[in-house]
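Undergrad: So you can see what is in the structure, the chains are spelled out below.
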Amino acid sequence: SQQGEEDPQALSIQEGENATMNCSYKTSINNLQWYRQNSGRGLVHLILIRSNEREKHSGRLRVTLDTSKKSSSLLITASRAADTASYFCATDGQGAQKLVFGQGTRLTINP
Amino acid sequence: DAGVTQSPTHLIKTRGQQVTLRCSPKSGHDTVSWYQQALGQGPQFIFQYYEEEERQRGNFPDRFSGHQFPNYSSELNVNALLLGDSALYLCASSFGGGYQPQHFGDGTRLSIL
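For the protein sequence lines, the chains are A and W, in the order given. Oh and the first sequence: position 17 is 13 in our numbering, straight run, nothing missing. Remember, our numbering sits 457 above the position in the second sequence when you count from 1.
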């Protein structure tokens, strides 16, 4: 079973707008990671946030983590057509040596 | 610096057959994890290999087995294939720990007829 649940399942916005995706999980974690997957390709690691961090930035990406609500959000600012992809959150599931992925958000950036 | 490479890229099998998928990790990585990704779903963890041992296993039957070689490359074997085994099989590598950032290959698309 998958621990994380992304919301929304699909998101379509205009180029230049900001995109926000949310992830909820069920058990305590050591860290939470976000990945991007372009159609037919493997996943690409975007950012890792540890359980004692609340916010992290990387370029146009901003990730927040609220461990009290067991939730995280990924914000992509000034979106580009190349950001069109599926985005997944992944957690380490109570310290297990594995990643548990959600079902993902399909993001479409319209030119 | 080569990333994670997987072979073959596509494979078609029939029910009951056996299949072997291969993975070479990113240079410098010693841990290999395998995932199954059904269409429209997130990846599901199958198992992880470290120091040639299976360190962690997901909820997959014994029909799924694997191996890690001294050069850290890995194989995934699936016996008695079922229609439901049709999926994208992803290999990911990392250094040291299973919940470190994973580097993924582009996967093997397995279709069962």
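Source of the hints: derived by calculation from the structure; they are not laboratory data. Just so it is clear, CB atoms sit at the ideal spot from N, CA and C, and this is done for glycine as well. Be aware that one or more of the hints could be misleading.
One-sided and incomplete, this derived list gives chain W residues near chain A with beta-carbon spacing under 10 angstroms [as the list claims (entries may be wrong)]:
#1 Gly485
#2 Gly499
#3 Arg514
#4 Phe517
#5 Phe521
#6 Leu545
#7 Gln557
#8 Gln559
Some residues of chain A that are not near chain W, with every Cβ distance over 10 angstroms (derived) [said to hold, decoys possible]:
#9 Asp3
#10 Leu7
#11 Ile9
#12 Glu11
#13 Glu13
#14 Asn18
#15 Ser24
#16 Asn27
#17 Glu49
#18 Ser69
#19 Gln93
#20 Gly98
#21 Gln99
#22 Ile105
Undergrad: Are the hints correct? Go through all of them and say.
TA: The hints, checked one at a time:
1. Here the hint on W:Gly485 is broken, as its CB sits about 15 angstroms from the closest CB of chain A, past 10 angstroms.
2. At about 4 angstroms, the closest approach between the beta carbon of W:Gly499 and any beta carbon in chain A falls short of 10 angstroms, and the interface hint on this residue holds.
3. Checking W:Arg514 against chain A: minimum C-beta separation of about 9 angstroms stays under 10 angstroms; hint holds.
4. With a least beta-carbon distance of about 12 angstroms to chain A, the hint placing W:Phe517 at the interface is violated under the 10 angstroms criterion.
5. Using the Cβ-Cβ criterion of 10 angstroms, the hint placing W:Phe521 at the interface with chain A is not satisfied: the shortest such distance is roughly 14 angstroms.
6. A hinted interface residue such as W:Leu545 counts as satisfied when its beta carbon comes closer than 10 angstroms to some beta carbon of chain A; here the least separation is about 8 angstroms, so the hint holds.
7. For W:Gln557, the interface hint holds, since its Cβ comes within 10 angstroms of a Cβ in chain A; the closest pair sits about 8 angstroms apart.
8. Using the Cβ-Cβ criterion of 10 angstroms, the hint placing W:Gln559 at the interface with chain A is satisfied: the shortest such distance is roughly 6 angstroms.
9. Even its closest Cβ contact with chain W, about 13 angstroms, leaves A:Asp3 beyond 10 angstroms, as expected for a residue assigned away from the interface.
10. The Cβ of A:Leu7 sits about 15 angstroms from the closest Cβ of chain W, beyond the 10 angstroms cut-off, so the non-interface label holds.
11. Chain W leaves A:Ile9 outside its interface by the beta-carbon criterion, the shortest separation being 21 angstroms against a cut-off of 10 angstroms.
12. Every C-beta of chain W lies more than 10 angstroms from that of A:Glu11, the closest at about 25 angstroms, which supports listing it as non-interface.
13. Once the 10 angstroms rule is applied to beta carbons, A:Glu13 is consistent with being away from chain W; the minimum gap is 25 angstroms.
14. A cut-off of 10 angstroms between C-beta atoms confirms that A:Asn18 is not in contact with chain W; the least separation is 15 angstroms.
15. Here A:Ser24 stays apart from chain W, with its beta-carbon at least about 13 angstroms from theirs, past the 10 angstroms limit.
16. Against chain W, the non-interface label of A:Asn27 is violated: not every CB pair exceeds 10 angstroms, the least being about 6 angstroms.
17. Interface exclusion of A:Glu49 from chain W stands, the closest Cβ pair being 15 angstroms apart, more than 10 angstroms.
18. With 10 angstroms as the threshold on Cβ separation, the claim that A:Ser69 sits away from chain W holds: the shortest Cβ distance comes to roughly 17 angstroms.
19. Consistency note on A:Gln93: stated as away from chain W, yet its beta-carbon is not over 10 angstroms from all of that chain's, at 3 angstroms minimum.
20. Not every beta carbon of chain W lies more than 10 angstroms from that of A:Gly98, the smallest distance being close to 5 angstroms; the non-interface claim is violated.
21. Remark: the non-interface label on A:Gln99 conflicts with the geometry, its nearest Cβ contact in chain W lying 5 angstroms away (cut-off 10 angstroms).
22. The claim that A:Ile105 lies off the interface holds: its Cβ sits roughly 20 angstroms from the closest Cβ of chain W, which is beyond the 10 angstroms cut-off.
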